[in-house]
Amino acid sequence: MENRGTLLDVNDLSFSYSNFSIKNIDIHIDRGQVVGILGITGCGKTTLLKVLYSGLQRGNGHMNWNGDYYVDAIGRRRPNVVYVPQSAPDSMDSIYSVNDQLRKILHSRNMDFDRDLLKDIMERIGRDADMLRRKPQFLSQGERHIAVVVAALMLRPSLIIMDEPTTSLDAVETLELLELIRRFANDNDTSFLISGTSPDVITYVSDFIYIMLCGTFVESSTKQNLTGNPLHPYTQMMMRMRPSLATRDLLSYRFISECSEPGCPYLDYCQYAREECRSPISMLRYGNTDVRCVLWR
Amino acid sequence: MAVIMLSAEHLYKVYLEKISIARWRKRTIITDFSYDFLSETRYGLIGLSGSGKTSLANILAGFDRPDAGRVLYAGHDVKQSQIRVRNVFQDTYRFLNPVNTVIWYEKTVSRISPDPGLVDRILDMVGLPVEKYGDIYIDQLSGGQRQRLAFSIVASQIPEVVILDEPFSMIDPANTLVLFSIIKKYLEKSTVIYIDHNLDRIAYLCDQVIAFDHGAVVEEGNVMSVFGDPKTEYVRRMIDAAGKLSSQLR
Numbered sequence: 001m002e003n004r005g006t007l008l009d010v011n012d013l014s015f016s017y018s019n020f021s022i023k024n025i026d027i028h029i030d031r032g033q034v035v036g037i038l039g040i041t042g043c044g045k046t047t048l049l050k051v052l053y054s055g056l057q058r059g060n061g062h063m064n065w066n067g068d069y070y071v072d073a074i075g076r077r078r079p080n081v082v083y084v085p086q087s088a089p090d091s092m093d094s095i096y097s098v099n100d101q102l103r104k105i106l107h108s109r110n111m112d113f114d115r116d117l118l119k120d121i122m123e124r125i126g127r128d129a130d131m132l133r134r135k136p137q138f139l140s141q142g143e144r145h146i147a148v149v150v151a152a153l154m155l156r157p158s159l160i161i162m163d164e165p166t167t168s169l170d171a172v173e174t175l176e177l178l179e180l181i182r183r184f185a186n187d188n189d190t191s192f193l194i195s196g197t198s199p200d201v202i203t204y205v206s207d208f209i210y211i212m213l214c215g216t217f218v219e220s221s222t223k224q225n226l227t228g229n230p231l232h233p234y235t236q237m238m239m240r241m242r243p244s245l246a247t248r249d250l251l252s253y254r255f256i257s258e259c260s261e262p263g264c265p266y267l268d269y270c271q272y273a274r275e276e277c278r279s280p281i282s283m284l285r286y287g288n289t290d291v292r293c294v295l296w297r
Numbered sequence: 298m299a300v301i302m303l304s305a306e307h308l309y310k311v312y313l314e315k316i317s318i319a320r321w322r323k324r325t326i327i328t329d330f331s332y333d334f335l336s337e338t339r340y341g342l343i344g345l346s347g348s349g350k351t352s353l354a355n356i357l358a359g360f361d362r363p364d365a366g367r368v369l370y371a372g373h374d375v376k377q378s379q380i381r382v383r384n385v386f387q388d389t390y391r392f393l394n395p396v397n398t399v400i401w402y403e404k405t406v407s408r409i410s411p412d413p414g415l416v417d418r419i420l421d422m423v424g425l426p427v428e429k430y431g432d433i434y435i436d437q438l439s440g441g442q443r444q445r446l447a448f449s450i451v452a453s454q455i456p457e458v459v460i461l462d463e464p465f466s467m468i469d470p471a472n473t474l475v476l477f478s479i480i481k482k483y484l485e486k487s488t489v490i491y492i493d494h495n496l497d498r499i500a501y502l503c504d505q506v507i508a509f510d511h512g513a514v515v516e517e518g519n520v521m522s523v524f525g526d527p528k529t530e531y532v533r534r535m536i537d538a539a540g541k542l543s544s545q546l547r
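So the protein lines, in turn, are chains A and B.
Position one of the first sequence corresponds to residue 1 (the numbering used here), numbered consecutively onward.
Position one of the second sequence corresponds to residue 298 (the numbering used here), numbered consecutively onward.
Honestly, the hints are just simulated from the structure, not real lab data.
Glycine residues also receive a C-beta, built at the ideal position from the N, C-alpha and C atoms.
Some hints here could point you the wrong way.
[As the list claims (entries may be wrong)] Here are some, though not all, of the chain B residues that point toward chain A, as calculated from beta-carbon distances under 7 Å:
#1 423
#2 441
#3 471
#4 478
#5 545
[As the list claims (entries may be wrong)] Examples of chain B residues toward chain A, derived with CB under 10 Å:
#6 323
#7 405
#8 409
#9 411
#10 421
#11 474
#12 476
#13 520
#14 542
Only chain B is shown next, with the shape it has when bound in the complex (with noise of 0.2 Å):
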């Protein structure tokens, strides 16, 4: 049974941008942006870059605070909350210390997770088993190792609300594939928001898309109906140049 887990009410964000010395500007990044986010839901957000897709999924995890409007987690306030909300950045370094070592995560982790083995499952799939990888600084780790830890450190916590914002940016095709099997199969129960450029990883893992043009809402719906019948020309024209990549490839 689904059940609204994270609902967006009203939200604005207006940046200041500046032009000159003296100067500011306003640049609107989200208007009027509502929307109820149910459970055992994976969300896709498309949109052309400087849409408003990063900021929104800073204000949804709480990462950044909206001008105006609210977010309810499960129908609370964030302070009231009981329900665990987790994110994963594009930039790893935003949550992880370059000084402590993978095992201090798996430990840490495991001491949270509901679910204390599981951690060490998801490492050895996601190629990072603590057997290998335990003595290693997280500063040694290349871009995409360290995306991969970000990953499974959210994932084996079974969080009920999942925001992953560019989580792969750094990891290739073939080997995404692994980790949205393990999206699939760990937080089939969970709600799912996941923000990428790519249109091809949206329409796999996703099932609702919510397409986004300078922080508005143009279009939303199944995958299937979005990715099959675009009503907006906008949408068309980014599933067009998606198809138009992998023409060469039948």
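With the rest of the complex left out, here is chain A (with noise of 0.2 Å):
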């Protein structure tokens, strides 16, 4: 896809709870592009982008942010980013209907109810704005999630981050969803950055992925890349390791859930494992991936 100039550029950015740390997190983000982060659960994702949306509205050091601004309550100017949590859909107030909580959610950001853009939103979907009017708990889970989108949507950002929007969601719905974010970022500009730990929804969406485990990130490439050919170890069995049709006879009875420290993260449960690896790696340029993996020195 051709290059619509940088959004977001995050350098060296690390963060620390005392039991769990993500260190030297460094993500690129152009405009219109679908950015995916996948790993495996307790890696630091959600926490990932918590840090990247409070960092981008307190101002930070190692972020350089490209995008759009609105202006709050107050009057401060701040980067026009939405978060979406995961549990999102599920925490909208039952007593009022979604349209008046998305007049809510646009009057927190100073701005007026376009009825013209939902109603293009809408169209673009393909579904009928009088969905808008029910309140949640009469639609069902994947319209909730959808409902959750044009709100995000309709704040027109720069950028959406959204923390495994897919979990609850059957396959037809997951499928439209994800349908729904590839329109928006290729006809709006519209940039996303996706949290995940299925591959398969990760690959399906993104343009450019990085691979995540234990606070920090293993291998990032393009998504043709990253299927085509998988270079960290870790990247290679989240790809085969698969539960599916095809793979029912593969068993496993080993659970990923430990890191290393201080080298790498993956070392415990690596085939290759060899004596380097336990003192810190840095990121590797192999091709056109970047990976923190020995073996590709």
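Mind assembling these two chains? They're in different frames, but the hints should get you there.
In structure tokens, the structure reads:
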């Protein structure tokens, strides 16, 4: 896809809780690009997205924002980013209709409720705008997810950050939501940053993918490179170890949850592990892929 | 030798749905569901969201009552039944007490399990070794860890009937493979009824597939025949969507 200019550049971002930290994060997002973050549960995806969002809102020296701004209720200029948490569809208010809640969200950002824009968005999704007149509990799970995305799009943001948007959806609803994301990224120059645990969802929707493990990126490349030729053993494992009809005979009795410090976090589970993996490894460039593994030195 | 472990006879379930302040509408969730579940077989229930999968699982597990029809456990009514029926819900707080520790569950389960050492082995396999996680309260575990613990508690009792209602929704695909392997290894003599909206996981685990739409069975059969050549438009739509999702991975 053509380069439409940088939207966000993150260099060497680190953050830590008392028992968990994310470190050395470099992210580059172009305008109109869908960027995916793929990793197992507990690898720090949600933490990273929260840090990115609050960093953008409060200002952070490691981040360089080139997108649009909005003016908040007390007149401060803020990057126009929307963060959609994992539980957003379940946390809508059951007393008010979706439309009223949309209005409230827009109000909090000093924006008017643009009926034409809403109609336009709903038309392009191919759904009836009457859907949003109902209260959230009368919508199906998939419709609630779509309502949340519509709410995010109504703010006309440059970047929408979504945390595992498809966890509670069935295949048909997932596909519809992902098509919606792709269409708005292509047409509106809205960028998306999406995290997820399942390789099929992330590879379906993203242009560029970061593979995350234990609070750090171990590989990053375009979708084509990662699906065709994954380099890091962890990426190879994630792409191969998927339950499906074709892999019915595949068995595994080792749960991947522990991180080894300070070397390669995947050391304990890696079949190629060797002595030099025990010391910290920096990101290497191999072909068009960035990978944090000594195999490709 | 496979025997009938669980049979559902003409189950009906109707919920009342509130449509305004003083008016309710009847919504039929399950219509005339009859099925005999055999032992040594893993059943997968598929269907779009809102098709009544969870309601059926609750009824089969005895957690909810049908409005009509009955459920027999190995030919007996629930009160005379001698077999062990266990279920895992998606929401683990339904049966895990947040103020108990992991070691408390480990001790309790090993007391009632036919194989007292099994719970330790399964906890090791799912990445919750008692030496490390024993003193941690349920409250402090993450969602995925709670689901793993709940599954270990159920699997280590080797029950005759296991009902799993989206038990691994917070666990990533690579690691669910471990849990499925445990099911295949230790619960091969049991009846496993597995519900998930992710068709790939059903295809991986189950032998028989039952497709559900608005409370009625629309299609059922061997996993290979249902996934290879779906007979109804409804199932075909789901399988096509799942296939399209994973199209990028070859």
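Discussion item. Tell me the numbers of any earlier hints that the structure contravenes, in ascending order.
Written reply: Violated: hints 6, 7, 8 and 9.
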